[in-house]
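Trainee: Sequence order for the protein chains is A and B. When the letters of the first sequence are read in order and numbered with the working numbering, they come out as residues 1 to 470. When the letters of the second sequence are read in order and numbered with the working numbering, they come out as residues 1 to 405.
Think of the hints as simulated: they come from the structure by calculation, not from any bench. Please note: incorrect hints may appear among the correct ones.
To be verified - Subject to a maximum C-alpha distance of 16 Å in a straight line, what follows is the list of computed EDC-like cross-link-like pairs (lysine to aspartate or glutamate):
| hint | chain 1 | residue 1 | chain 2 | residue 2 |
| --- | --- | --- | --- | --- |
| 1 | B | K121 | B | E98 |
| 2 | A | K220 | A | D419 |
| 3 | A | K50 | A | E208 |
| 4 | A | K32 | B | E156 |
| 5 | A | K190 | B | D248 |
| 6 | B | K121 | B | D154 |
| 7 | B | K379 | B | E360 |
| 8 | B | K62 | B | E98 |
| 9 | B | K43 | A | D416 |
Note that the structure is predicted; figures quoted are calculated from it, not measured.
Given next are the chains, with one letter for each unit.
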Amino acid sequence: MSRFLDLLNHAVFWYYLACNLSYLAMLIIALKTSAAHQRRLQSYRLDWFKASPLAPPITIIAPALNEEKSIRVAVRNLLDLDYPQLEIIVVNDGSLDHTLDEMRDEFRLRPVRAVYIPDAKCAPLRGLYRSELNPSLLVIDKESGGSKADAVNAGLNAATSPYICIVDSDSVLERDALLRIMVPIMSDPKRVVAVGGIIRVLNGSEIEGGHLKHVRLPRKSIEVIQVIEYLRAFLIGREAWGQGNMLTIISGAFGVFRTDLVRAVGGYRSSAIGEDFDLVTRLHRYLLEKGVDYHIPFVPDPMCWTEVPSDLRSLGRQRARWQKGLLDVLWPSRDMLFRPRYGRIGCFALPYLWLFELFAPVIEIAGIVTIALAACLGVLSREFFLQFLLFGYAFATVISIGSVLLEEITYKRYNDWQDVVRLVSYCFLEHFPYRQLHMIWRLQGLWQYLRGDVTWKPLKRKGLASSQAR
Amino acid sequence: MESIFEQLRRLGPAAFLLKAIVAAILADALFLAFILLRRWYRKRYFAKRDARVFELRQNWDKLISGEIPYDTWRSKPFDRRIVETIALDALDAATAEESARLLKFLRKSGLIEKRIYEARKLTGWRRMRALVALGQTRALEGIYALAQGLRDRDLEIRLAALRGLGRTACPEAAQEILAWVGERGLCVPALPLQSALIQCCAERPQLLIPYVQHAKGQLREVLGRVLGEVATPSLSLDLLQFVGDDLDELRAAAARAMSHAERGLAFDVLNELVGDAVWFVRLRAIVSLGELCEPRAIPDLLRGLTDSHRLVRLRAAEAVVKLAVPMVPVFQKVVGTQDRYGLQAYLTAVENAGLREKLEAELQADAGGSSDENERLLKILQSGVLLEEAALAAVSGAEKSTPRS
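Pulled out of the complex, with its shape left as it was, chain A reads as follows (with noise of 0.2 Å):
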């Protein structure tokens, strides 16, 4: 027994090593490519793009499903982006309230005829609308197909542009955002395929005429962890792999892709659970195969925010599916796993999306549950026990505050000086007992995928009116 913890405890012990000195590694990563991006922005002129005729046309896809709350003031945001060229369709995707009529009244929608070539699967149509108002807004109307995949694929089959851009109809743009995101892709348009975007929680904040007034931190614990966690990921996790061109999952409430890549992969997977990272990852498995030279970069500062779940039960459901969606892509690309056809992403990406995401909770809970096993039975010193403890606590501290202190020297939207002591506090108490209960959210996620559970299930939101009214 003694000799099986031990061997447990070596696994755990090079495992947790491991997993902290990539954070680390990203972190630092970073730190550097944060730093350089903000000198390169001092001589940027984004106002020049506004009128630039390099700018290629883009056409924004929406999904909309029982949005009926927040659908103007989302679209009304779409409409009022900084872009020369754009088109902008929703897709109303079956939606069992009135998102239709409240954009047929605020639009002034009449029915058309449009291109819609169905190269891509989805559901049946059940009508095409343009705004009288503004002809750039086409709406979609379609059955359910069940997923935000099958609607964005309807969205994708009516674009008219060489890059279709794919937000949440839930989430609000910055007005300059898609010029940000579109800089790496006139910069090279023949290498850059695809951008990510970063995604910001809009919970807290005040919306005006489906603008950003005023960013606030959310009042809720839960949500204020929610933060530190997208800026970890995003700042931290998706600059670092962007800049070594393995950037796995574009956010699918805000990225850009080129049309005709996303076309001839045959759009999303309308059965995929996690369609941004599925997408993506075909995306890669798609150009290494045809050995074509290419980069997928990550911008980060071209913001989306988005409404994240209040409640436990609502994080719980998303951050299951997400686990869900991780092992529905990576199961099928485990044939690319450490083959050098597929370069980093088959060496590097997917190996490290395997081995610290995937079986994370795993692992986490298992170490948990074996060293205090062997703490107990006095195979390990428990004083050691408790410096390995207080270790991990302080290092894990050190990568939340690092994304604070990235935001704070990049972006800096959070500037009452409330809000920052509330961000670094929370960095010191996210480790308990959330982090445990988002190790058993994830462990569930997997075992409801492997009993063949892949339903989904609505999250409860408040809607952009509602942070309106706040």
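Since chain A is already given, all that's left is putting chain B on it; use the hints.
Mentor: The following block gives chain B in isolation, referenced to the frame of chain A:
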């Protein structure tokens, strides 16, 4: 086997874990201290700056006219930076008259000379800051210093210099940029180079021709794209040499530039380019044909409607709809192509342009055409499908509904 924790323990906690804990706590403390100190410093700095900006703003006219001696603020770096920032921001949004006044002030106060000196002598981020400021002034005397910045080893500094030259938007800056790319090749990302050249070559696009002829690889593509953007009718003959170029980008640029060329010549050239093997060359040619608004282009545009690429079809449809010609004969020809994708693209363009009612009315009122034909066209317009297609669908529907024996 000894536990990993015991092995580490034998090293002594002070040797490993304790040190690690101390290091992590120290890192936490340092990060926190940095955040707090930075916030505190910035708060103080901005409060002080705000007060000083207010003070200087009160006397702005006296300050730029020289009534307040320049020495009173020039010798204080804090004040000098504020004055320079206000002047440069004002310059960005100024009228021609106001610009001249501000530029005179920047010259007389020696601020431009100071920036030129810094751009030449300093290194690193200080040089970059000087180059950005110099670019904002758009002063011609800064061009040489900016051109020197193009030769810096640091990419960011080269970019700042390039953007600065772009801001001056004058042929002299274009000459410096072109000489530099001719000498060093493409050593910056394409976008800033294109942007700068588009701004600087707008006045004298012919500057580009010899460089496009002699450049190679990606640089040639970039220069070709710029040429496509800035070409004027006077360049028509020069552009003809690129119509049969091996480089797709350059043929596309020539196609794009032809929309600015003399109508007769452009029409013949575009007629050839709409049949190009590369889709984006065809796309450019179709768009340019559309911009010519030339009824003679209808057969080419109809060919574009049946193109294998969706974007070409859409742009061809938009171009056809934009033509100021009677709609019925055009619609008849669109139907005559028997291409359902082309028909869909055309109908979409008609709807988007809000011309559907007009076409319907023309079809109903068209006395010239046979009534059967008009009725057929009306049905196609209303159903959105070719009648042969509809008949086929009906037949297959009937077959499906017939019980098989």
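Trainee: Determine for every hint whether it applies to the structure shown.
Mentor: Now the hints, each set against the structure:
1. B/K121 x B/E98: Given pair B/K121, B/E98 is violated - Cα atoms ~31 Å apart, limit 16 Å.
2. A/K220 x A/D419: 12 Å, holds
3. A/K50 x A/E208: 23 Å, violated
4. A/K32 x B/E156: This hinted pair holds, its Cα atoms lying about 14 Å apart.
5. A/K190 x B/D248: 13 Å, holds
6. B/K121 x B/D154: 15 Å, holds
7. B/K379 x B/E360: 10 Å, holds
8. B/K62 x B/E98: With Cα atoms ~15 Å apart, B/K62 and B/E98 stay inside 16 Å; holds.
9. B/K43 x A/D416: This hinted pair holds, its Cα atoms lying about 11 Å apart.
Checked against the numbered hints above, the structure violates hints 1 and 3; every other hint is satisfied.
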